[in-house]
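K.L.:
Listed below, chain by chain, are the residues.
Number of protein chains: 2
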Amino acid sequence: MGNELNIPVLDLPRVVIIGGGFAGLKLAKGLDSNLYQTVLIDKNNYHTFQPLMYQVASSGLEPDSIAYPLRKIFKGKKRFHFRMAEVQKVNEATKTLETSIGTISYNILVMATGADSNFFGMENVQKHSLPMKNLVESLDLRSRILKNFEKALNTNDLHEQEALMSFVIVGGGPTGIELAGALAELKKQILPKDYPDLDIRKMQIHLVEAADRLLANMSKTASEKTENFLKKMDVNVWLNTQVKDYDGKEVVTSRHVFNSRTLVWAAGVKGVPVDGLNATMARGNRVVTNEFNAVIDKDSIYSIGDVAQIKSEKNPNGHPMLASVAGQQGLQLAENLNALARKQPMIPFRYSDRGTMATIGRNLAVVDLPFMSFGGLLAWFTWMFVHLMLLVDFRSRLVVFVNWAWSYINFDKGTRLIVRNKD
Amino acid sequence: MGNELNIPVLDLPRVVIIGGGFAGLKLAKGLDSNLYQTVLIDKNNYHTFQPLMYQVASSGLEPDSIAYPLRKIFKGKKRFHFRMAEVQKVNEATKTLETSIGTISYNILVMATGADSNFFGMENVQKHSLPMKNLVESLDLRSRILKNFEKALNTNDLHEQEALMSFVIVGGGPTGIELAGALAELKKQILPKDYPDLDIRKMQIHLVEAADRLLANMSKTASEKTENFLKKMDVNVWLNTQVKDYDGKEVVTSRHVFNSRTLVWAAGVKGVPVDGLNATMARGNRVVTNEFNAVIDKDSIYSIGDVAQIKSEKNPNGHPMLASVAGQQGLQLAENLNALARKQPMIPFRYSDRGTMATIGRNLAVVDLPFMSFGGLLAWFTWMFVHLMLLVDFRSRLVVFVNWAWSYINFDKGTRLIVRNKD
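Chains as they are written, first to last, in our numbering: chain D, 1 to 423; chain X, 1 to 423.
To be clear, the hints were calculated from the coordinates, so they are not data collected in a lab. Check before you lean on any hint, since a few could be wrong.
Each pair may be met inside one copy or between any two copies, as identical chains are not told apart.
With a Cα cut of at most 20 Å, we get these calculated PhoX-like pairs of lysine-lysine [what the hints assert, rightly or not]:
id, residue 1, residue 2
1, K244, K89
2, K89, K232
3, K314, K29
4, K231, K314
5, K193, K249
6, K127, K89
7, K220, K187
8, K127, K298
9, K147, K75
10, K133, K232
11, K89, K72
12, K244, K127
13, K95, K187
14, K244, K95
15, K151, K187
16, K43, K89
17, K193, K29
18, K249, K75
19, K147, K220
20, K311, K249
21, K193, K220
22, K202, K77
23, K188, K127
Model, not experiment: these values are computed from the prediction.
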């Protein structure tokens with residue numbers, strides 16, 4: 001039966017949620033404490049606001065501004081227990097989870113474990129490239145970018161200097177284009193002042209995308225505008241280009257070989273389901289669920305967010321792996337589980353697309369609303385406003401706002417600290 | 001002659017400064033670019049505002065708020081070169097420095113290398129305790145404190161739980177009392193809400209000091225007020241108590257054995273001079289200099305800040321190791337070196353004591369001015385105002401102010417993230 005992680009065993013059914021991302025957070029918030037005991041497990045003690053991660057990597061925001069302590073979010077919620085632990089295995093027969101701090105049983109299990117970088121089996125690329133899927137990786141990337149310039153300053157080997165000052169970003173989705181734009185701003189406004197001894201014009205930013213347009217999930221208008229914005233900002237956009245190999249020095253692609261010390265991997269993600277669950281899987285390592293987010297052929301196991309794929313005739317490929325989908329699924333599942341306990345009918349999940357947006361740089365963004373697409377200054381203000389409002393609390397909003405306002409007025413970025421010593 | 005780290009060799013004399021703390025910063029700022037080429041070397045690319053480090057360790061401020069990129073500080077300064085490197089050795093005969101990125105020659109060398117924790121030869125204490133002398137150590141401490149509570153939640157061994165929830169801080173100087181006060185505030189305001197499953201009253205904060213009063217460098221009034229404030233905040237103050245040993249579980253002192261998993265070492269510092277300099281040393285591993293901060297019996301080598309001790313009849317023990325002393329010495333040496341180049345006379349260093357202060361907690365601080373001492377609310381506002389103004393730039397001031405105002409109004413702390421995975 002396990003040690004239950006020192007969580008009291010109540011008469012109420014226990015919902016165990018794995019993962020404190022957008023999906024898990026909304027679900028845990030929405031569950032009725034009079035109907036369920038809620039246990040949330042995450043390997044970190046904080047929730048990360050992933051859409052702004054690229055700003056940490058590009059010295060725009062400090063990590064603490066986009067991470068939020070989970071215990072604080074659930075302060076005062078009754079019959080709620082957070083445990084910081086790694087989940088090792090699900091045991092369906094005993095309805096228990098094995099974790100790094102012991103075993104816990106569940107009545108209902110919800111997998112909201114999200115997604116991680118997908119290198120599509122290219123081991124060399126995985127070994128030498130830098131992903132950006134969590135705070136630690138974002139800080140690694142920030143330090144790497146800055147360290148490259150410190151090293152470039154100190155070499156007389158021009159080939160090596162070129163490699164240090166060349167950045168290849170793979171993946172033309174929001175993460176890739178936002179990071180490319182942020183690097184272009186560093187190149188234009190910050191680095192020439194920080195490194196007067198270096199010829200910053202030598203810095204090259206390459207954005208590599210396998211498809212024939214950027215932001216494939218957005219409108220054609222958005223794709224075209226984005227490509228134009230990036231080119232104007234001196235980013236080299238390579239469409240229809242596949243990465244084949246990378247040894248830490250040369251990025252081999254289907255069209256060109258780049259001499260670069262830094263390959264940022266933003267090209268694909270895959271779900272990270274918990275071990276031990278022999279579930280039906282869909283493309284991208286996602287667990288197949290029905291329209292109520294129940295995992296197919298499993299008893300009392302649900303899955304939401306990036307790791308889940310709802311199978312329906314309407315959406316044969318499932319919903320996109322977006323924060324908004326994850327949040328809506330979490331909210332819907334909370335309502336459905338509450339309904340279940342009250343013996344009311346569950347409602348099938350329907351994604352309400354309120355629009356998609358991406359920012360490229362100062363005054364430049366693209367927004368797709370269900371009824372129109374637009375780009376430029378207004379889109380940029382929309383992007384900023386929406387993202388500020390999405391931050392979990394007022395303190396973060398204030399701090400992020402101060403940082404953004406400062407950067408905007410002063411053409412400056414706040415936090416160019418090298419905090420990593422490796423390599 | 002070395003590779004000169006790719007720094008151009010000019011007709012002007014080259015001043016090489018090791019260390020970008022308060023002393024090195026003021027010196028580099030004050031040197032006249034028409035008289036000298038300035039090279040600043042630091043192992044980090046940022047300056048740290050050490051007086052607020054304890055707030056990082058106690059989840060009050062994010063690390064980026066108190067660290068500032070050195071390149072940004074010297075943006076636009078002519079004939080100035082920063083290099084991120086570790087200095088390995090000084091070679092007096094050739095007037096060169098060996099560093100991790102190559103060799104550089106100097107005309108004038110200034111050691112501003114500061115101080116590090118002094119464990120007075122107690123190897124076990126050094127091995128198991130947590131110091132707080134740089135940003136990385138402060139983040140380690142923050143993670144340790146929070147992780148202890150996560151672990152305490154998950155153990156049924158009451159002796160182990162007591163050890164996890166007991167914090168022994170050694171050293172009754174400003175760092176020790178400020179950290180003790182900050183932990184007491186966590187205990188009172190934050191932790192009971194974050195850990196409703198734990199009986200936070202079991203948390204014990206012990207402040208251990210070998211002398212017979214706290215804040216030995218301040219007035220007796222300040223010492224007494226501080227002791228009273230801390231006791232009121234439920235901190236156990238142990239005066240006349242020496243730490244003897246620590247194995248990671250039991251802190252052995254001259255009066256008591258504490259069952260504690262966390263020993264914070266704030267009891268002593270020692271200078272960290274560069275290797276290869278066979279200089280006359282004073283107590284605390286400080287390099288002895290004359291009143292112009294020239295190292296005794298050396299040619300064109302100066303030393304300022306914590307690592308230096310000016311030998312004079314008036315100050316047989318040198319000046320205290322304070323940020324204000326370091327800053328004033330840096331400024332004075334800049335003026336003196338400028339005078340030297342202009343063939344004007346140098347002025348001997350005189351410390352101008354503008355007061356000392358320490359904060360204990362909400363509305364509680366002590367201030368010693370040359371003509372009076374006071375404590376309480378007014379002292380606390382004075383402390384906050386002075387520290388805000390001392391921060392290097394307006395952006396940091398704004399961000400720190402927002403955080404402080406937020407904490408004050410909401411009895412909250414912003415950034416309780418566990419960002420370390422070790423132990």
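K.L.:
Work down the list of hints and note, for each, if the structure agrees.
P.N.:
Each hint tested on the structure:
no.	hint	verdict
1	K244 with K89	neither (34 Å within a copy, 45 Å between copies)
2	K89 with K232	neither (50 Å within a copy, 48 Å between copies)
3	K314 with K29	neither (29 Å within a copy, 66 Å between copies)
4	K231 with K314	neither (37 Å within a copy, 67 Å between copies)
5	K193 with K249	neither (27 Å within a copy, 50 Å between copies)
6	K127 with K89	neither (26 Å within a copy, 35 Å between copies)
7	K220 with K187	neither (28 Å within a copy, 55 Å between copies)
8	K127 with K298	neither (36 Å within a copy, 50 Å between copies)
9	K147 with K75	between (40 Å within a copy, 18 Å between copies)
10	K133 with K232	neither (28 Å within a copy, 45 Å between copies)
11	K89 with K72	neither (27 Å within a copy, 48 Å between copies)
12	K244 with K127	within (14 Å within a copy, 47 Å between copies)
13	K95 with K187	neither (54 Å within a copy, 37 Å between copies)
14	K244 with K95	neither (43 Å within a copy, 50 Å between copies)
15	K151 with K187	within (16 Å within a copy, 45 Å between copies)
16	K43 with K89	within (14 Å within a copy, 43 Å between copies)
17	K193 with K29	between (46 Å within a copy, 17 Å between copies)
18	K249 with K75	neither (48 Å within a copy, 31 Å between copies)
19	K147 with K220	neither (37 Å within a copy, 48 Å between copies)
20	K311 with K249	neither (42 Å within a copy, 54 Å between copies)
21	K193 with K220	neither (37 Å within a copy, 49 Å between copies)
22	K202 with K77	neither (54 Å within a copy, 23 Å between copies)
23	K188 with K127	neither (30 Å within a copy, 46 Å between copies)
Checked against the numbered hints listed earlier, the structure breaks hints 1, 2, 3, 4, 5, 6, 7, 8, 10, 11, 13, 14, 18, 19, 20, 21, 22, 23; every other hint is satisfied.
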